[in-house]
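Engineer: Residue strings, one per chain:
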Amino acid sequence: MSSAATLWRQLRFERRLFWRNPSAAFFNFILPLLLLFLVASVFASDPEELDVLIPGIAGMAVMATTFSALAFNLTFLREQGILKRMRGTPLPVPAYFGGLLGSAVANALVQVVLIVVIGNVVYGVDWPRDPLSLAVFTALGVVCFGALGIAFANAIPNFDAAAAYVNLVFLPVIFISGVFYSADSLPAFLEGVAQALPLKHVIEGLSGAIVTGAGVADNLGAVLVIAAWAVAGTYLAIRYFRWE
Amino acid sequence: MTEAAIQVRDLRKSYGRVEAVKGLSFNVGRGEIFGLLGPNGAGKTTTVEILEGYRQRSAGEVTVLGHDPASRDRRLQERVGIVLQSCGFYPRVSVGEAVQHFASLYPAPRDAEETIALVGLEEQRKARTAELSGGQRRRLDLALALVGDPELVFLDEPTTGFDPAARRAAWGVVRRLGELGKTVLLTTHYLDEAQALADRVAIVKDGMIVAEGPPGELAPGQPTYRVAYDSNGRRVQHETDDPTDLLHRLTSDALARGERLEGLAVTRPTLEEVYLELTEEDER
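Chains as they are written, first to last, in the numbering used here: chain A, 7 to 250; chain B, 491 to 774.
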């Protein structure tokens with residue numbers, strides 16, 4: 007069996023499991039859209055706020071579907087012994103992780119598309135000005151947060167602790183990275199922290215693609231920060247990986 | 491091929507300064523059911539996990555179906571089935587889907603339905619794995635290990651926590667593996683399990699093999715016979731490897747004194763006695 011076919015079968019298996027898990031479906035699909043509707047309904051009359059919110063929620067959804075979901079998922083799979091069991095089969099490791107990552111990426115892509123479409127249809131935000139840049143920054147965000155999610159799972163001691171660990175990172179990061187409001191008014195210290203982390207740069211890139219028309223070339227600094235985190239995340243994910 | 495399915499020579503494994511396995515050597519022939527028997531913490535699981543490719547050995551030679559398991563060669567994984575000691579599964583998958591999916595991971599799998607029937611889970615085929623009882627989950631573990639049609643099956647304490655009926659059922663499956671010509675390496679801390687299933691047994695204690703052989707012939711070295719009788723209300727016991735001579739002396743003396751040797755018995759130690767004698771230090 008070719009490795010592409012193996013990976014595809016593994017991905018379909020993961021997709022089937024995903025839709026059977028109500029809490030995964032809630033955190034990956036319902037929660038970002040719920041936040042979008044709630045916050046947007048407060049600011050529906052303010053187009054500038056919507057221009058912040060749509061790319062912000064899209065960036066948050068990328069992080070939630072990859073970083074948070076993979077950190078949760080891997081902690082569960084490790085604690086249950088499922089990782090160990092799969093490792094005892096001839097399934098190649100790249101195909102197994104391809105399935106896990108691919109499923110997270112599929113969620114991220116669907117979310118970004120849904121948010122952009124809702125932004126346009128419901129709230130009258132223009133269609134993305136630079137679709138290529140939208141694709142590039144979504145892809146960069148997915149790779150970066152996917153790697154960081156796997157790396158972070160290595161640090162989570164058990165599944166009971168997973169929600170605390172993940173949200174200890176996720177919630178502060180979304181608040182300082184300009185998901186719900188422009189982050190320009192943050193205190194300098196928090197602004198500096200946000201600048202050093204990848205989410206703010208993903209949102210900047212998405213904002214350029216959707217709202218201002220700034221392309222990849224205009225956001226090379228953001229690309230560099232995200233790529234650096236992606237490399238660091240990949241290194242940490244592999245170096246400290248625990249099968250059991 | 492005539493070489494053994496598993497060859498282990500002077501296997502050692504240390505965790506930091508603690509040596510869990512201290513120079514094990516044994517062979518498992520093709521088609522043989524081999525039991526590693528020993529108390530918890532004796533090093534059985536460490537040994538099996540080195541053979542399965544999960545752990546790296548510290549020293550020694552290990553060959554599994556002609557491969558070094560530490561290389562994690564996919565061609566080896568395709569020929570081996572593993573039942574781990576305690577291991578969960580995706581909770582939202584049905585038994586049928588789980589077995590089907592695992593079948594798809596192997597180049598020449600068994601029929602999924604037939605495998606489900608082999609372990610007796612036909613009625614649970616559509617049940618999600620989270621709904622299964624402990625014994626049923628263990629049978630699913632077996633089905634998942636067997637569906638790839640492996641030549642060699644590792645069973646790490648396959649019946650721990652089973653009720654007696656479930657144990658008997660699992661034993662039936664292991665015996666059928668033997669009939670199918672599979673090689674089985676079984677670890678257990680249940681004596682009766684080793685006695686009922688294994689062609690040969692190695693008793694492991696503190697990371698070393700203290701006795702090895704067919705379960706019926708295992709003896710703790712000398713003496714191999716025990717002669718006992720009652721005298722003046724006390725039980726007198728002698729141990730010997732020459733019961734003929736001992737009995738002759740005992741009976742002659744008794745006749746000379748005009749006594750009867752009440753309750754005279756000549757016994758060979760059972761596997762249980764051998765096992766308890768060999769491993770008793772752990773209980774002190």
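For the record, the hints were derived by calculation from the structure and aren't laboratory data. A few of these clues could be false.
Stated by the list, open to error - Mimicking DSSO-like on lysine-lysine, the simulated pairs with C-alpha atoms at most 27 Å apart in a straight line are:
hint	chain 1	residue 1	chain 2	residue 2
1	B	Lys512	B	Lys695
2	B	Lys616	A	Lys90
3	B	Lys512	A	Lys90
Remember, it's a predicted structure, so these values are computed and weren't measured experimentally.
Engineer: Looking at the structure, which of the earlier hints fail to hold?
Structural biologist: none
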